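Please model the complete structure; the sequences and the hints are all you need to start from.
For reference, each letter of the sequence shown is one residue, going 1 to 367 in full-length UniProt numbering.
Hints listed in this document are in silico derivations from the structure and should not be mistaken for laboratory results.
Small disclaimer: the values here were computed from a predicted structure and weren't measured.
One thing to keep in mind: the hints can contain errors.
Between beta-carbon pairs, the in silico distance windows are [as the list claims (entries may be wrong)]:
(1) Pro201 <-> Asp299: 32 to 38 angstroms
(2) Asn212 <-> Leu349: 23 to 29 angstroms
(3) Pro33 <-> Pro178: 39 to 45 angstroms
(4) His161 <-> Asp87: 48 to 54 angstroms
(5) Leu339 <-> Pro119: 46 to 52 angstroms
(6) Pro33 <-> Met320: 32 to 38 angstroms
(7) Pro119 <-> Asp202: 55 to 61 angstroms
For glycine and all other residues, C-beta sits at the position ideal for the given N, C-alpha and C.
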Amino acid sequence: MKAIIVGGGIGGLTAAAALHQRGWEIEVLERAPEFTEVGAGLAVQPNGLRALDTLGLGDLLRSKGPADPPAGIRRRNGHWLIRNDLDYLKRRFGQWATVHRADLIDLLRTAVPSAALRPGTEVHQVRPDGTVIHSGGASTADLVVGADGVHSITRRSLWPHARGPRYVGYTTWRLLTPPQPVEASTETWGAGERFGHMPMPDGRVYCYIMANAPQGSQGGLDDLRERFARWHDPIPALLHAAREDHVIQRDTYEMPDLSTYVAGKVALLGDAAHAMTPNLGQGACQAIEDAVTLAAAVDGGDVRAGLEAYDRARRPRTQMIVRLSRQVGSAAHWTSSALTAVRDAALPLLPRSVFERSLAPSYDWTP
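Structure, rendered in structure tokens:
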């Protein structure tokens with residue numbers, strides 16, 4: 001059996017590795033000239049690590065980048081809005097790990113035959129019979145996996161009438177700083193803007209910043225330094241240590257619900273199927289879950305039945321995670337001074353169990 005994977009990011013390479021381990025011939029078509037990932041840090045959460053366990057890679061990440069769960073959420077003056085019980089979260093859900101996105105790509109790539117990788121190949125059209133038209137000609141397979149991101153050509157080819165990705169109203173910056181003394185992974189909320197930071201295994205700090213903005217707006221490091229100059233430590237110091245050429249800005253999109261993730265011999269996974277806001281940090285983990293589930297579903301050789309099983313397993317869960325992620329982050333982007341005052345007064349009064357229960361649907365998944 002042969003599979004063509006359109007897209008060589010985290011989801012696509014996980015699918016390639018999972019299918020290869022099950023004896024499939026694979027071909028990975030990637031538009032970029034090399035298989036890598038721009039971007040910065042990534043927290044691989046317990047559900048993502050359990051998915052990677054099926055490839056024999058979970059423990060490697062656990063040992064290389066062991067991390068604590070998120071410590072909680074602060075106000076811009078540093079006072080806690082939510083403070084998590086880290087020991088409980090690790091006992092309840094398992095280990096977290098941190099990794100640079102490019103390093104995770106490299107790790108996944110080692111699980112895929114190099115001869116199967118086709119960088120610099122732009123896909124123009126995907127057909128339901130398993131034919132892929134691309135810059136190198138045409139390829140045909142028993143299964144096509146559309147792992148080509150939020151603006152997926154696979155989705156546009158076979159779901160031409162589906163609503164496209166929706167801009168959620170805020171833009172996101174990501175960056176890595178040189179090593180800094182940061183103790184925990186924490187997020188800070190203001191009015192319509194927030195700042196998160198996460199220590200990396202080598203001492204560098206991954207930072208992500210989100211702010212309400214018109215679609216397509218741009219802002220550089222100087223703008224960020226001015227915007228967050230009066231926020232609590234270490235936020236100003238992190239931005240002062242950052243370099244302009246390490247800052248990546250992208251608008252934030254969410255996919256409206258699709259009625260199915262499969263068509264003919266084709267399956268969508270990851271952002272192509274269910275792009276979500278980054279509020280739960282679950283985008284990459286859900287793509288990894290998709291990939292290992294899809295490989296298991298088609299393992300018996302009946303691709304049509306396997307695709308139907310994949311859709312039944314993944315669509316309800318991922319669409320639930322999309323909604324949950326939207327809800328979790330919405331209060332951070334309120335701009336009304338009255339609403340933010342109520343938020344800042346109410347959140348510290350809620351019992352920890354409320355937040356722990358809200359996390360369970362994301363973290364409880366097992367392959």
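To see whether the hints hold, each was checked on the structure:
no., hint, in the structure
1, Pro201 <-> Asp299: 32 to 38 angstroms, "holds (34 angstroms)"
2, Asn212 <-> Leu349: 23 to 29 angstroms, "holds (26 angstroms)"
3, Pro33 <-> Pro178: 39 to 45 angstroms, "violated (28 angstroms)"
4, His161 <-> Asp87: 48 to 54 angstroms, "holds (49 angstroms)"
5, Leu339 <-> Pro119: 46 to 52 angstroms, "holds (48 angstroms)"
6, Pro33 <-> Met320: 32 to 38 angstroms, "holds (37 angstroms)"
7, Pro119 <-> Asp202: 55 to 61 angstroms, "violated (27 angstroms)"
In this structure, the hints that do not hold are numbers 3 and 7, in rising order.
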